[in-house]
Amino acid sequence: MGYIEELRSLVGTRPLILIGVVVMVLDQQGRLLMVECDKKWKLPGGYIELGESAEEAGIREIYEETGLTIDNLELIGVFSGRNFFTKLSNGDEYFPVTLAYVTKDIQCGRLTPDGIEVQKAEFFHRPFLPEDLCIRDQHILQSYQMIESIVNR
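For the sequence shown, the numbering used here assigns the number 17 to the initial residue and increments by one for each residue that follows.
Please keep in mind that the hints were generated in silico from the structure rather than gathered at the bench. Values in this document were obtained by computation on a predicted structure and should not be read as measured data. Among the hints, a few may not be true.
To be verified - In silico DSS-like pairs for lysine-lysine, Cα to Cα no more than 27 angstroms straight-line:
| # | residue 1 | residue 2 |
| --- | --- | --- |
| 1 | K58 | K136 |
| 2 | K103 | K56 |
| 3 | K120 | K56 |
| 4 | K58 | K120 |
| 5 | K136 | K103 |
| 6 | K136 | K56 |
| 7 | K120 | K136 |
| 8 | K103 | K55 |
| 9 | K103 | K58 |
| 10 | K136 | K55 |
Model the full structure from these sequences, guided by the hints.
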């Protein structure tokens with residue numbers, strides 16, 4: 017049983033604050049890695065386990081979900097607040113605090129979705145990203161584009 021499952025066994029479906037990470041993984045062509053979970057496309061990532069750094073969690077989640085080994089994560093920003101409130105179909109409620117990173121450092125591995133959490137994993141050119149991205153991912157991509165435009169002036 018993982019950390020979140022242990023918390024849920026104590027508090028039921030009451031709202032929790034959960035800390036997670038997502039990683040914008042860019043390949044050599046500048047394409048963005050997206051994963052499909054439950055027929056919805058999103059940035060890959062997950063929750064931080066006890067004793068794990070945010071960067072370690074990001075690296076672990078990318079490997080678990082996609083089979084890729086990455087490194088050199090750069091923080092984009094922290095995304096939180098009532099706009100990101102989530103209620104799952106099982107009744108669990110939470111307010112996520114998401115640390116978003118970017119990396120272009122794909123060290124090795126073969127892009128292979130895990131088949132459990134992730135049904136598909138693909139690299140997309142940014143103008144052709146899936147259209148129905150969640151609010152969190154829209155905010156992260158907008159923040160990254162803003163940072164990119166400032167740096168490239």
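Checklist entry - Against which earlier hints does the structure fall short, listed by number upward? => result none
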